[in-house]
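Next come the chains, spelled out residue by residue.
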Amino acid sequence: MTMLAALDAAVPGILAWTPFLQPAPAVDRWWWLLVIPTAVGISLAYKSTRTGELAQLPRDVLRMSIQIILAMVGIALFLYLIVNVLVPRLPVE
Amino acid sequence: MTDAPSQPFRPLSFLLGWIFPGLGHIVAGNTRRGLYAMAGVLLLFVSGLGVGGLDCVDRTEDRLWFIGQAGSGPIAFAASYANDALLKSGSAAPMIEMPSSPRSPKVTVSAFKSIAHANDFGTLLVFLAGLMNICVMLDAAVREPSSDAPVSGRRAGERKAGAA
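Chains as they are written, first to last, in my numbering: chain A, 1 to 93; chain B, 94 to 257.
Be aware that one or more of the hints could be misleading.
Pairs of lysine to any residue residues, derived as SDA-like cross-links and limited to a Cα-Cα distance of at most 20 angstroms, are as follows [to be verified]:
| # | chain 1 | residue 1 | chain 2 | residue 2 |
| --- | --- | --- | --- | --- |
| 1 | B | K181 | B | R156 |
| 2 | B | K181 | A | L90 |
| 3 | B | K181 | B | S193 |
| 4 | B | K181 | A | V87 |
| 5 | B | K181 | B | I227 |
| 6 | B | K181 | B | P192 |
| 7 | B | K181 | B | I208 |
| 8 | B | K181 | A | P37 |
| 9 | B | K199 | B | H210 |
| 10 | B | K181 | B | W158 |
| 11 | B | K199 | B | W158 |
| 12 | B | K181 | B | R196 |
| 13 | B | K181 | B | P195 |
| 14 | B | K181 | A | R89 |
| 15 | B | K181 | A | T18 |
Rather than coming from a laboratory, the hints here were simulated on the basis of the structure.
Computed from a predicted structure; not experimentally measured.
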């Protein structure tokens, strides 16, 4: 499912959504997008303690966020290949 | 291994960092660093509550998760209290009966209870906020007041070499 299709599916639920009381609508369709705030939040909190010059913080946060997201995508592709390509080719008996 | 000088542990900064994310840095004079740390931890915490709702912070039903979430400080306890007061009491949404076998006792939960991916990610995000805040608290406790210099790590070595 594309990102636009996932967001489009979530729109009707958003109209009746009470933030912070109810779970966000249609998370089952766009849960994978949550890797972005997760990566940015972890990077921002971590780099705020590790970056020497705070002027470099945005660059460091961006770089670490991209590294986390690419690593997660790589792990996902690796597991996809194992589950959907390698395992079906294994002999049954 | 680094040769950065060790800093004394400051329990007050550590405690202030637990009371509110980034407060330990701010009180010690590292205001900008504290604000950035606060933004990072709160981004995770608010994202978690936004995705999973208040139900993803529950100190009675999800005790193990809550141990990590409590690293965020009183805001985690406040969210858990709000969960009890608003959702579990039925004041924010009607209570609905969960499907169960005929012999088991009837269980009612809030209609706003989060399940599946929403609950998983909400709980995880708030948990990560707690863990990252513990890192921030430790940094606040050993960082020199009114200093933006890193206290350890690769960058500290670079900075020291550059200053020499």
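Evaluated hints:
no., hint, result
1, B:K181 x B:R156, "holds (16 angstroms)"
2, B:K181 x A:L90, "violated (49 angstroms)"
3, B:K181 x B:S193, "holds (19 angstroms)"
4, B:K181 x A:V87, "violated (44 angstroms)"
5, B:K181 x B:I227, "violated (29 angstroms)"
6, B:K181 x B:P192, "holds (17 angstroms)"
7, B:K181 x B:I208, "holds (15 angstroms)"
8, B:K181 x A:P37, "violated (28 angstroms)"
9, B:K199 x B:H210, "violated (25 angstroms)"
10, B:K181 x B:W158, "holds (18 angstroms)"
11, B:K199 x B:W158, "violated (26 angstroms)"
12, B:K181 x B:R196, "violated (24 angstroms)"
13, B:K181 x B:P195, "violated (23 angstroms)"
14, B:K181 x A:R89, "violated (49 angstroms)"
15, B:K181 x A:T18, "holds (16 angstroms)"
Hints 2, 4, 5, 8, 9, 11, 12, 13 and 14 from the earlier list are contradicted by this structure; the remaining hints agree with it.
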